Amino acid sequence: MPSVSQTVRVKVLFFGRLKDAVGQAEESLDISDASTIEQLFALYVQRIPELAKYRSSLVASRNQEFAAWDSALYSGDEVAFLPPVSGG
Amino acid sequence: MTAPLDDDIFQLVREPIEPGTLVGHVRAPEDGAIVTFDGFVRNQSHNRRTLYLDYEAYEPMALAKMREIAAQLYEKYRIHRVAIVHRLGRLEIGETSVFIAVSAPHRAAAFDACRFAIDTLKRTVPIWKKEYFEDGAVWADGELPPSPVATPGAKPAS
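Protein chains in written order, with the working numbering: chain Y, 16 to 103; chain R, 9 to 166.
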């Protein structure tokens, strides 16, 4: 079993208005192993408090599938925060 | 009828979409109908004059979701072939942003499947549109894809 303090690297992607708010489209970030997507988002809210207002209008994906906010993250995962989609 | 997703077309492109090529691709002797949807850039949005649009996508996921839509079409409707193409980047007024073609032996399935495809694309495919007006630009409102509910048993006790 990995220890709780072990850190892993994940890739984080932002799109649309969220990308503008964060100021970048993607970054690699070291987080505690098995952190949830919700916890990852909270790290960004700490860094950029205005992101909190987007939380209720976002969905998340893990490895290119829509994912629940309590999904745990592991080394090499790709997480994206997706605003309401407007293709078509 | 089988689900020949490998013979279907799913693309994100940066050049103008060519509807004729896509219609030709889905057309076959055993079909009797093709229904297409051509979505193109309107010159106004909420009574503001639109100058142009800029589309971006989470590309690998968007392509996967387009394939999933086609898989659903084969489950729900008796259709033959599907083509779904969305354009990215800057689009001028009147240019096609999305084109869908569905062929089927009979028209009802083709109509129903094409409608389902565009409606589902607009709700679930990670593509975003920024609208440019004379006095600024905004990300279009859009639809929030359904989010999976909490993961059942985050750590199964095996």
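Just so you know, these hints were derived from the structure itself, not from any lab. As the structure is a computational prediction, the values presented were derived from the model and not from experiment. Certain hints may be false.
[Unchecked claim] Restraint ranges, calculated between C-beta atoms of paired labels, are given here: (1) R:Ala145 x Y:Lys26: 40 to 46 Å; (2) Y:Asn78 x R:Lys84: 23 to 29 Å; (3) Y:Asp85 x R:His54: 33 to 39 Å; (4) R:Gly28 x Y:Ala57: 46 to 52 Å; (5) Y:Ala36 x R:Ala79: 33 to 39 Å.
Each residue gets a CB set at the ideal place from its N, CA and C atoms; glycine is no exception.
Taking the hints in turn, this is what the structure says about them:
1. R:Ala145 x Y:Lys26: 40 to 46 Å: At roughly 28 Å between Cβ atoms, Lys26 of chain Y and Ala145 of chain R fall outside 40 to 46 Å, so the hint is violated.
2. Y:Asn78 x R:Lys84: 23 to 29 Å: Holds: the Cβ-Cβ distance is about 27 Å, inside 23 to 29 Å.
3. Y:Asp85 x R:His54: 33 to 39 Å: With a Cβ separation near 37 Å, Asp85 of chain Y and His54 of chain R satisfy 33 to 39 Å, so the hint holds.
4. R:Gly28 x Y:Ala57: 46 to 52 Å: 50 Å, holds
5. Y:Ala36 x R:Ala79: 33 to 39 Å: With Cβ atoms ~34 Å apart, the hint holds.
In terms of the numbered hints stated before, the structure departs from hint 1 and from no other.
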